[in-house]
Amino acid sequence: MINAVGRDIPDEILKATGKEVFQGIHYRDGYTYKKDGPVTRCVSDNTRSKLVDSIHDALIKCNIKDGMTLGFHHHFREGDYIVNMVMEEVHRLGIKDITICASSLGKAHDPIVPYIEDGTITNIQSSGVRGKIGQAISSGKLKGLAIMRSHGGRVRAIESGETRIDIAFIGAPTCDDYGNCRGIGGKSNCGVLSYALVDGDYADQVVAITDCLVPFPNFPAHISMTKVDYVVVVDAIGNPDKIATGAAKPTTDMRKLMMADYCTQFVVNTPYFKDGFSYQTGVGGASIASTISLAKIMKERNIRMRFGVGGLTKPMCDLLANDQVDCLLDTQDFDLDAVESVKDLKHFRISAGEYANPFNKGAVVNKLDFVILAALEVDINFNCNVVVGSDGEITGAQGGHPDTAAGAKCAIVIVPLLQGRIPAVCTEVTAVTTPGESIDVVVTDYGIAINPKRKDLIDAMRGVDLPFKTIEELRDIAYSMVGEPEKVKFDDKVVGIIESRDGTILDVVRKVKEYTFADN
Amino acid sequence: MEIVQPAMAGTLESSDCQVTVEPGNNGIEFNLESVVINQFGNQIKKVVMETLKNMEVSQVKISIVDKGALDCTIKARVEGALFRSVGQFDHLPWGGAVR
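Residue numbers (our numbering), protein chains in the order written: chain A, 1 to 520; chain B, 1001 to 1099.
The hints are simulated quantities; they were obtained by calculation from the structure and are not laboratory data.
Accuracy of the hints is not assured; some may be wrong.
[Unchecked claim] No farther apart than 30 Å at their CA atoms in a straight line, the calculated lysine-lysine pairs in the DSS-like style are these:
| id | chain 1 | residue 1 | chain 2 | residue 2 |
| --- | --- | --- | --- | --- |
| 1 | B | K1067 | A | K493 |
| 2 | A | K511 | A | K50 |
| 3 | B | K1046 | A | K487 |
| 4 | A | K132 | A | K361 |
| 5 | A | K487 | B | K1067 |
| 6 | B | K1061 | A | K249 |
| 7 | A | K35 | A | K96 |
| 8 | A | K489 | B | K1067 |
| 9 | A | K455 | A | K296 |
| 10 | A | K511 | B | K1053 |
| 11 | A | K511 | B | K1046 |
| 12 | A | K513 | B | K1045 |
Starting from the given sequences, assemble the full structure and let the hints guide the process.
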């Protein structure tokens, strides 16, 4: 069945998943449902300890068995040890058919690929995957379907009961013996635990894993003892060097600086750029550079930001330090400056649900004026792909891309027109992961395209000295330099689905076919 | 042009390609490894075949490791490898076979 972004979703996938095809970003506005709840085992005996000796013992106490769903968060990013440690024990116990429901997975998790191959792990639900897990899925090694969903979409899936987490493992930089977890302090300081909060609320059993046990009470707790069954102390939960890096040096790449400048000029010429505006940006070089140049113009024109959201980095936290923004709403900290900034009273931690869940009674993203995003590919319908590489292999994550694009009044995507020989603006993206109806502007080094449905923005830019082009013109410039790419050849076998934030199916990912030349 | 000895041209830098030619006696033996093979494999092959034809090469083992080079780069690297293989470093046919 063809969905609202023109993708053909096979009937057998709709049947197997019980899902509908994507029908527009606000298709489920007003949808009414009863929230799911965890099966809870009480702790009233004051002599009972929650401390267990090892991950192995925690798994035994949680009655780990075949077919269970395990929850993980990705605040330690490429420095995470938790997923590998837990899955190694699960594998050692001979458990099969595990579903991993992670807020994201990265190259740090390459070691779990053998467990995909031997049937320990048969389903993966994540914002995305990179590295060898992506290759394993794209070559058809995962027995079940990989489900790629946004940060908001994950919370929706869990709160609505579509996904039930049997055991959640929460890597906690600091924790006390009763399970009060904080993202702050310890050796693996990640600042916040936003993505894990829904696991604490909805998983049947919750295991906190820490490498820094502190005296009770570890307050104010980010995840409360009231939700935690067991506490395990291990030597290390992550590699601090890869959890929060030093602030990225502002880029000196002229191409990125030029795109950042185009982006900032666009932002300041929209009607939304006025006192009290709101803003979110990513961690790419051009995004960071555009935040820096925006801060300069805000100062010159005496314009103040009401709130900034993110995925935070130093340039965003500098706005707070320099009193240019009233407050920051934080779901994740990418560098040490952002982790440090969490201590500021106007730097608020928010949950992934508050941030982006479309099945809330409203989320923060809905209040955004601007979001600055990146993409692997954008097509002439403004559909974006941030998950599947142009070679057909899964190699990225939705993150908050579809959530913020749907919520923000002005969603801007910055992409260099060419990534090597790959045109970033193309006729049809390899997979649709954010629908074009929620993307308003595409900024490239060869020009800027405004989505034709945003007549208001087109009008606002009359007389503005920026290189405006149509999206088709941008594609044609790209193809004139590199040639028109062939379509990647896929098998019929569907290996994954790209879920829209509301749980409908945006696209499917198929197994990549081995390449053969056309004429032999 | 007849390939005399093995020769190489190009690098493994992004947007470049490394071309190796060796004498062959089995027509054109073409081998491609490319980061963009799924999208540009046929186009790369076409450029290589055209370049070989243009240089009147009919017996060669040619291997290319491509890092996303544009057609013009691929053509230049193939020509460079061919001229090196015959030891021709002067009087290159600019505007003739090489254009």
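Structure-based check of each hint:
Of the supplied pair hints, the one linking B:K1067 and A:K493 holds, its CA atoms being roughly 29 Å apart against a limit of 30 Å. At roughly 44 Å between alpha-carbon atoms, A:K511 and A:K50 are farther apart than 30 Å, so this suggested pair is violated. Pair hint B:K1046 plus A:K487 holds up; C-alpha atoms about 17 Å apart against a cutoff of 30 Å. A distance of roughly 38 Å separates the Cα atoms of A:K132 and A:K361; the hinted pair therefore is violated under the 30 Å criterion.
Among the hinted pairs, A:K487 with B:K1067 is consistent with the structure: their alpha-carbon atoms are about 19 Å apart, no more than 30 Å. Using a Cα cut-off of 30 Å, the hinted pair B:K1061 and A:K249 is violated, with the two alpha carbons roughly 46 Å apart. The straight-line distance between the Cα atoms of A:K35 and A:K96 is roughly 29 Å, inside the 30 Å bound, and the hint therefore holds. A distance of roughly 20 Å separates the Cα atoms of A:K489 and B:K1067; the hinted pair therefore holds under the 30 Å criterion.
Distance restraint check for A:K455 and A:K296: the Cα-Cα separation of roughly 28 Å lies within the 30 Å cut-off, and the hinted pair is therefore satisfied. A threshold of 30 Å between alpha carbons decides the hint, and for A:K511 with B:K1053 the separation of about 36 Å lies outside it, so the pair is violated. Of the supplied pair hints, the one linking A:K511 and B:K1046 holds, its CA atoms being roughly 27 Å apart against a limit of 30 Å. Our distance criterion of 30 Å between C-alpha atoms is met by A:K513 and B:K1045, whose separation comes to about 19 Å.
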